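The chain contents come next:
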Amino acid sequence: MNETPISRGFRSRRQEQDAKNRLPPGQYVTRDFPVLSAGPTPQTKVEDWTFALQLGASRLGKWNWAEFDALPQTTIKTDIHCVTKWSKFDTAWQGVTFDDLLSAVGLTEPAEPYIMAHCDGGYTTNIPVEDLIDGKGMVVTRYEGLPIPPAHGGPARLLVPHLYFWKSAKWVRSLRFMEQDERGFWESLGYHNYGDPWKEQRYDGD
Amino acid sequence: MIETAAAPTRRLEWQVAEVREIVVETFRVKSLLLHVPGWQGHLPGQHVDIRLTAEDGYQAQRSYSIASPPEDELLSLTVEKVDNGEVSPYLVGDIRAGDQFELRGPIGGYFVWTVAMRGPLWLIAGGSGIAPLMAMLRHRSRRKVRNPALLLYSSRSLEDVIYREELDAMARRDPDLRVINTLTRKQPEGWKGYRRRIDKGLLAEACFPSERNPNIFVCGPTSLVEAASGFLVELGHEPRTIKTERFGPSGWAP
Chain E
3 MNETPISRGF RSRRQEQDAK NRLPPGQYVT RDFPVLSAGP TPQTKVEDWT
53 FALQLGASRL GKWNWAEFDA LPQTTIKTDI HCVTKWSKFD TAWQGVTFDD
103 LLSAVGLTEP AEPYIMAHCD GGYTTNIPVE DLIDGKGMVV TRYEGLPIPP
153 AHGGPARLLV PHLYFWKSAK WVRSLRFMEQ DERGFWESLG YHNYGDPWKE
203 QRYDGD
Chain C
53 MIETAAAPTR RLEWQVAEVR EIVVETFRVK SLLLHVPGWQ GHLPGQHVDI
103 RLTAEDGYQA QRSYSIASPP EDELLSLTVE KVDNGEVSPY LVGDIRAGDQ
153 FELRGPIGGY FVWTVAMRGP LWLIAGGSGI APLMAMLRHR SRRKVRNPAL
203 LLYSSRSLED VIYREELDAM ARRDPDLRVI NTLTRKQPEG WKGYRRRIDK
253 GLLAEACFPS ERNPNIFVCG PTSLVEAASG FLVELGHEPR TIKTERFGPS
303 GWAP
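Here the protein sequences come in this chain order: E and C. Here my numbering = 1-based position in the first sequence + 2. Here my numbering = 1-based position in the second sequence + 52.
Don't read these hints as lab results, they were simulated from the structure. Wrong hints could be hidden among the right ones.
27 Å max Cα-Cα, derived DSSO-like pairs, lysine-lysine [claimed, not checked]:
no., chain 1, residue 1, chain 2, residue 2
1, C, Lys244, E, Lys90
2, C, Lys133, E, Lys87
3, E, Lys201, E, Lys87
4, E, Lys47, C, Lys252
Here the structure is a predicted model, which is why all the values come from computation and not from measurement.
Model the full structure from these sequences, guided by the hints.
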């Protein structure tokens, strides 16, 4: 490996030094909320929105907006980390945990070890069930107490904050159990299959 | 949407890039022409991660689109200075020819156009969002491909139009390429072109109709990309034919 070149005159302008232990390697803190999507933003109205939990072709459960809103609600304040290098601290979300979705369809344990999230616009992402249970994953419908705007994934998006944020799929419409792991959209285009920001798993092979 | 490329199997390693030449594009924008020994090549539209290391060991990473076509020997990154930014003021203000930094890539396999893709090419850019689209136009030009192509480019003023002379020259040489500028804040005297932000009317006039199935690429600030891609869907273009890259804040702060 080559020696790392030093950029003379380049220095940190990072103001939040207390960020050190909260900021994964290669990330910087932003106060904005940048938007990244591969295509146009779908504009699904809540009247038309449904959410399903699937096991192969069979449906374990399906909810419309009102039914989904009536499921047990959980709020969480958490840091999020995008693979494009920004991190945002203390984002507050409300929605339904994956655990509560399982309970709602009468499952005492997950049906299969992997999940594929399917979204409006055709976006997909894969996540091990292990990373969704015990409060680690949610389907969220509110940000800072307000409905989530379409550009940020509304009506509902997945939230898996301990992985890079592309795993927190926008416009989510169903979660499908899989026996075998399969790659989702970005995972098929050179991005890491798992995406742990603390191990800097940005791209395949990291 | 979804057409996927085969996943690469080897790790993207950090490589040392050396600045060979710096091109002043506008008051706020420069292009860095980089020599990257052993560069594995890229597709037009892809980007790289760069990593700067300060004398005290502090490191910062950012992503930049590649503006050069695969046919060129040097890799070109076009950088706009972001006020109060950490990396871009260094890249635009301080870096000199001969300086080195680290880079890895290419990254991204979706926002990509090559001459192998058929049909009209419709590019919509705002500001420095032109960079990855320029890689596509340069690639098309180097390969002398004559598919119909249209660039709709929104800038604040004529002085802010990046690659202006090169784009003009390209359009003069190539009857199948149209370049349409809209200048949103300040126009030179006698300017006969558009002078407003990209809206539905403008997209309906300066466009390929959806029946011609253009490949559409939109890149720029979030507000422009959100608006333009939404209007395109309203005008009948299939969402899967519209590929987008957004940068900058969303302006959403509840």
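Against the structure, the hints:
Note on lysine 244 of chain C and lysine 90 of chain E: the hinted pairing is violated, with a Cα-Cα distance of about 44 Å set against a maximum of 27 Å. Distance check on the hinted pair: lysine 133 of chain C and lysine 87 of chain E sit about 18 Å apart at the alpha-carbon level, within 27 Å; holds. Restraint check for lysine 201 of chain E and lysine 87 of chain E: the C-alpha separation of about 13 Å stays at or below 27 Å, so the hint holds. A distance of roughly 22 Å separates the Cα atoms of lysine 47 of chain E and lysine 252 of chain C; the hinted pair therefore holds under the 27 Å criterion.
Against the hints set out earlier in the document, a violation occurs for number 1 only.
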